[in-house]
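As given, the protein sequences belong to chains H and B, one line each in that order.
Sequence positions in the first sequence follow this note's numbering and run 1 to 255.
Sequence positions in the second sequence follow this note's numbering and run 1 to 167.
For the record, the hints were derived by calculation from the structure and aren't laboratory data.
A portion of the hints provided could be inaccurate.
Unchecked claim - Restricting the straight-line Cα-Cα distance to at most 20 Å, the calculated cross-link-like pairs of lysine to any residue (SDA-like) are:
hint, chain 1, residue 1, chain 2, residue 2
1, H, K99, B, W153
2, H, K96, B, Q111
3, H, K96, B, K75
4, H, K99, B, L42
5, H, K128, B, Q35
6, H, K108, B, V48
7, B, K75, B, Y38
8, H, K12, B, I40
9, H, K70, B, I40
10, H, K91, B, Y31
11, H, K99, B, G79
12, H, K96, B, G99
13, H, K132, H, T196
14, H, K96, B, A10
15, H, K96, B, G110
16, H, K132, B, G110
17, B, K156, H, K132
Said to hold, decoys possible - Looking from chain B toward chain H, a few residues come up when the C-beta cut is under 10 Å (computed):
hint, residue
18, T29
19, V48
20, F52
21, D54
22, A76
23, T78
24, P149
25, K156
As the list claims (entries may be wrong) - Okay, the calculated bits of chain H under chain B, using three or more residues with CB under 8 Å as the criterion:
hint, region
26, 62-70
27, 156-162
28, 165-178
29, 223-229
30, 245-255
All residues carry an ideal CB built from backbone N, CA and C; glycine is no exception.
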Amino acid sequence: MGKIKEFIKSPKATVVSFALAMVLLLLSSIGGARAALTYYSDNYTSRVQMDNIGVTLVENGKDVSNRDYKSASDGTWDENTGALLAGMLAKGETVKLGKRYPEELRVKNSGTINQYVRVNVYRYWLDKDGEKQRGLSPSLIDLNFVNIGSDWLVDEESSTAERTVLYYSKLLESGKESSLFADSLAIDSMIGTKVTQTTQKEGKYTTITTTFDYDGVKFCVEARVDAVQDHNAEDAIWSAWGRRVQVKDGILSLK
Amino acid sequence: MKKKSIFVAAFAAAMVAAASVGSAWAYFTTYAEAQGGYTISLGDETRVEEEFSDWTKHIAVTSAEGSEPTYIRVKAFTGSQYQLVFSDKAGKWSPGDDGYYYYGDIVEGGQTTEPLDVKIENIPEDAGEFNVVVVHESTPVQYDEAGEPYADWSIKLDSGNMEGGAE
C-alpha cells in the first residue's frame, strides 16, 4: 500500500497516466479505422448496396427541392432548392382574396434507405423591405392541412402561430411518397378589411386617412422537410431533432 | 504532484469521451426546403365624372390606375317635384331595390364605366336653381373558394387592434 502511494506521488505516475491516455485515445479511433477498411474492402470484392439517404419536397405532383446523398459516396450531395407557389398564378394575375388555390404538398423518399420524416411549415408576412411583420396574423394565410391525426401528427409543443410541426407517423420507404399534408391555400379576404385610420384636424376640416394594413405586404409559405434513418429511429430522432418519440411496429407516435 | 496526476487522468477521460461524440451523432439525416409567396395589393380610388347636357347628367366612374378590382354602384336624387329617369345605352347598369344602380362588370384599376344617363323631367318653366346629387360607392371584388367573383356591399372596415388577427 505504501509503495503504491509512493508511486502515485512520483513523476513516473504522471508519465504513465499520460501514456495511458494516449493509448485510450488510439483505441477509441481504431473502431472507425477498422470500419473504414472493411467498407473499402467490400467495395473491391462485391457489389455493395450503399445506404444513401435522400428526401424530396413535392408540390402539386412536381419535385420542388431535394437533398440526396450521392451513391458515389464521395461525401457530396445532390441538392436542389426550388420555390413554392411558383405556379400558383398565371403571368400578370394577382392573388384573389378568398379563392382557394391547389397546394398539394407531400414528401418523397428519394434515398435508398427507409426513413421517418417531419415537416416544419412556416407562414408569415414580409414588408416591402423583406422584414418579418409579426403584428400580422399567420392564420390569415390559410394553408389547409390534411390527414392530420392519422398519417400526420401535429407536434403541439413545438408549433406556434407561425410554425406548424408535423410528423409522419408511418415509415416512409425508399422511393415512396407520403400522403398529403396540405391540399390547398387561400388568403383570407378579411385582410382587405383591416385598416389603420389616422385623423388630422386642420381648422374646421377633419381629414381621416385610411391605410390598409396588408397592402404591399408579401405572404410567405416555407416548408422544411427533415428525414432520419429508420434504424434505431427513436434514438436517431432524439439525437437529430431533439424530440422524444415512440416507434412501435413501424408506427411513430409523439411522447 | 497528486493534483497534476488527477488533472492528467481527467484530461484523458475527457478526450476519450470527446472521441465518442462523433459516433453518437452518426445518424443518417437530410433535409429539403423551399419557400414562396406573393405581394398583396389592396385599396382603390374611384372618381365620378359628370357631364350635363339637354337636362341629362351623363355619369361615369373611373377607377384610378393601380386600384384593386372593384364593383361600382351609383345613386342620384333631387327634390321630389322633379323626376329622374335612368338609362344606359350599353346595358351595363341595373337598378337595385335600394335605389342604387349597379354596374354589372368588374372595374379594374385604370378603367372607366360606361355612362349612366340621368334625365331630369317635369321641370317647370319657372324652375329656379336646384341640385341633382350623385353618390357613388365601390367595394373590392370578393371571391368564393372556387374563385368566382361577387360583390359584398355589407363589408365594414376594421380599424381595431391587429394583434392576433382573426384567430
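Here is what the structure says about each hint:
1. H:K99 <-> B:W153: 18 Å, holds
2. H:K96 <-> B:Q111: 19 Å, holds
3. H:K96 <-> B:K75: Violated. K96 of chain H to K75 of chain B sits at ~28 Å, over the 20 Å cutoff.
4. H:K99 <-> B:L42: Between K99 of chain H and L42 of chain B the Cα gap is close to 15 Å, so the pair holds against 20 Å.
5. H:K128 <-> B:Q35: 17 Å, holds
6. H:K108 <-> B:V48: Given that 20 Å is the threshold and the Cα spacing comes to 56 Å, the pair is violated.
7. B:K75 <-> B:Y38: 37 Å, violated
8. H:K12 <-> B:I40: Not OK: K12 of chain H and I40 of chain B at ~77 Å, beyond 20 Å, violated.
9. H:K70 <-> B:I40: 41 Å, violated
10. H:K91 <-> B:Y31: 31 Å, violated
11. H:K99 <-> B:G79: 44 Å, violated
12. H:K96 <-> B:G99: With a Cα-Cα distance of about 30 Å, the restraint between K96 of chain H and G99 of chain B is violated, given a limit of 20 Å.
13. H:K132 <-> H:T196: With Cα atoms ~19 Å apart, K132 of chain H and T196 of chain H stay inside 20 Å; holds.
14. H:K96 <-> B:A10: Not OK: K96 of chain H and A10 of chain B at ~66 Å, beyond 20 Å, violated.
15. H:K96 <-> B:G110: Since the Cα atoms of K96 of chain H and G110 of chain B sit roughly 18 Å apart, the hinted pair holds (cutoff 20 Å).
16. H:K132 <-> B:G110: Given pair K132 of chain H, G110 of chain B is violated - Cα atoms ~31 Å apart, limit 20 Å.
17. B:K156 <-> H:K132: 27 Å, violated
18. T29: 5 Å, holds
19. V48: 19 Å, violated
20. F52: 28 Å, violated
21. D54: With Cβ-Cβ at 36 Å, over 10 Å, it is violated.
22. A76: For A76 of chain B, the interface hint is violated, since the closest Cβ of chain H sits about 25 Å away, which is over 10 Å.
23. T78: Since the shortest Cβ distance to chain H is 27 Å, the answer is violated.
24. P149: 8 Å, holds
25. K156: 7 Å, holds
26. 62-70: It holds, with 6 qualifying residues against the three required.
27. 156-162: Result for this restraint: violated, n = 1.
28. 165-178: violated (count 0)
29. 223-229: Coverage by chain B holds for the region 223-229 of chain H (7 residues, Cβ < 8 Å).
30. 245-255: violated (count 0)
Of the numbered hints given earlier, the model fails hints 3, 6, 7, 8, 9, 10, 11, 12, 14, 16, 17, 19, 20, 21, 22, 23, 27, 28 and 30; all others are met.
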